[in-house]
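Residue numbers (the UniProt record's numbering), protein chains in the order written: chain A, 1 to 180; chain B, 1 to 180.
Just so you know, not all the hints are guaranteed correct.
What the hints assert, rightly or not - Listed below are several chain B residues computed to face chain A (Cβ distance under 8 Å; list not exhaustive):
| # | residue |
| --- | --- |
| 1 | T11 |
| 2 | P17 |
| 3 | S35 |
| 4 | W36 |
| 5 | T37 |
| 6 | M38 |
| 7 | V133 |
| 8 | K137 |
| 9 | Y160 |
| 10 | D162 |
| 11 | G163 |
| 12 | D167 |
| 13 | L176 |
| 14 | I180 |
Claimed, not checked - Derived EDC-like pairs (lysine to aspartate or glutamate); straight-line CA-CA distance at most 16 Å:
| # | chain 1 | residue 1 | chain 2 | residue 2 |
| --- | --- | --- | --- | --- |
| 15 | A | K170 | B | D156 |
| 16 | B | K175 | A | D156 |
| 17 | B | K175 | A | E77 |
| 18 | B | K137 | B | D156 |
| 19 | B | K95 | B | E123 |
| 20 | A | K137 | A | E8 |
| 21 | B | K112 | B | E7 |
| 22 | B | K170 | A | E123 |
| 23 | B | K137 | B | E8 |
| 24 | B | K135 | B | E121 |
| 25 | A | K137 | A | E3 |
| 26 | A | K135 | A | E123 |
| 27 | A | K95 | A | E77 |
| 28 | B | K137 | B | E7 |
| 29 | A | K170 | B | D81 |
| 30 | A | K175 | B | D156 |
| 31 | B | K170 | A | E8 |
| 32 | B | K175 | B | E7 |
| 33 | A | K135 | A | E7 |
| 34 | B | K175 | A | E8 |
| 35 | A | K170 | B | E77 |
| 36 | A | K175 | B | D81 |
| 37 | A | K112 | A | E3 |
| 38 | A | K175 | B | E77 |
| 39 | B | K170 | A | E77 |
It should be emphasised that the hints constitute simulated quantities derived from the structure, not laboratory data.
Since the structure is predicted, the reported quantities are computational estimates derived from the model, not experimental observations.
We treat Cβ as the ideally placed atom computed from N, Cα and C, and that holds for glycine.
Number of protein chains: 2
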Amino acid sequence: MIEARIEEALTWIEPGPVTLIATRHGGRNNVMTISWTMAIDFDGHIVFTSGDWNYSFRAIRANRECVVCIPPASMAETVVDIGMVSGEDTDKFGKFGLTALPAATVSAPLVKECLACLECEVEDIVEPYGFVVMKVKRVWVNDEIEDRRILHAVGDGTFYADGERFDFRKRMEAKLPPGI
Amino acid sequence: MIEARIEEALTWIEPGPVTLIATRHGGRNNVMTISWTMAIDFDGHIVFTSGDWNYSFRAIRANRECVVCIPPASMAETVVDIGMVSGEDTDKFGKFGLTALPAATVSAPLVKECLACLECEVEDIVEPYGFVVMKVKRVWVNDEIEDRRILHAVGDGTFYADGERFDFRKRMEAKLPPGI
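Model the full structure from these sequences, guided by the hints.
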């Protein structure tokens, strides 16, 4: 994967993708499927919602870091299957043939099969909601993946891939954050 | 618009749509464009991020309610334009030809031109993040709109409409919330 500008972080979360969140704890890599994410400012902060029912959440609570990855739509079945098993009893990187690459600022790995990976430092966990507030430290993209569409979960077991694109950059010029 | 089951609320927010959030304050309707939303549980709670820079946020702070609407992709230009002006000096319902319909549980209006509108009661505002935590009270859908695609903001002035659909209901059966 190649490093991208930090300003790009927002553009991977704002569309509302299904994400794969990678963690490392007790010497083992793990990954979970999370749709409940949100951009929260123009300064690289993002949030996701989780709780103790997620095995990965314990790792995040313990070492305050993770990598948020954006899988292409072509990975849809794997993304669903990752969400159906727990890292407590499954080596998900092995089971699903994922490639863990070293990150620069965190011990959790990048997932090479994803379009982008955001190295994140956890700044706050807001209870009772389980809001994990994170600052993106580095952005990595894999530009060798042919399918550039991201995946959106409907929440009822169905998903959509990105379709028609609209370009309103001119129309929105006055409100676009710098560097985007 | 016709009323839908409350369990449907999740399925309108989880995909990560651009939303129009309607408010009513001081006897005037207003609406803002918000992409920073997130589902947070299976019990009808959702959240969006805002702050005092949004005129609508002051209305939400004051009367603790709003209506979160999901526009179809065919409304893309209007959605962008709504985000470029402020309700402080603009009657957005008038300017953009939106139809305000009465809601059942809040004073803020439904927006008839949207695919769905969620009546929301604000339960908490989490500072310093501006997380507006809401409980959905009623779900309304407009099934007469031909374009059923929702719109996703990339954050750089470009947007995507829903494209290819994947159905993994069988694959995810064990994890789907009841009633979905």
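For each hint, the structure was consulted:
no., hint, verdict
1, T11, "5 Å, holds"
2, P17, "7 Å, holds"
3, S35, "5 Å, holds"
4, W36, "5 Å, holds"
5, T37, "7 Å, holds"
6, M38, "4 Å, holds"
7, V133, "7 Å, holds"
8, K137, "19 Å, violated"
9, Y160, "4 Å, holds"
10, D162, "4 Å, holds"
11, G163, "2 Å, holds"
12, D167, "5 Å, holds"
13, L176, "5 Å, holds"
14, I180, "5 Å, holds"
15, A:K170 x B:D156, "10 Å, holds"
16, B:K175 x A:D156, "10 Å, holds"
17, B:K175 x A:E77, "15 Å, holds"
18, B:K137 x B:D156, "33 Å, violated"
19, B:K95 x B:E123, "31 Å, violated"
20, A:K137 x A:E8, "11 Å, holds"
21, B:K112 x B:E7, "21 Å, violated"
22, B:K170 x A:E123, "37 Å, violated"
23, B:K137 x B:E8, "11 Å, holds"
24, B:K135 x B:E121, "5 Å, holds"
25, A:K137 x A:E3, "11 Å, holds"
26, A:K135 x A:E123, "7 Å, holds"
27, A:K95 x A:E77, "13 Å, holds"
28, B:K137 x B:E7, "10 Å, holds"
29, A:K170 x B:D81, "12 Å, holds"
30, A:K175 x B:D156, "10 Å, holds"
31, B:K170 x A:E8, "35 Å, violated"
32, B:K175 x B:E7, "15 Å, holds"
33, A:K135 x A:E7, "12 Å, holds"
34, B:K175 x A:E8, "32 Å, violated"
35, A:K170 x B:E77, "12 Å, holds"
36, A:K175 x B:D81, "11 Å, holds"
37, A:K112 x A:E3, "13 Å, holds"
38, A:K175 x B:E77, "15 Å, holds"
39, B:K170 x A:E77, "12 Å, holds"
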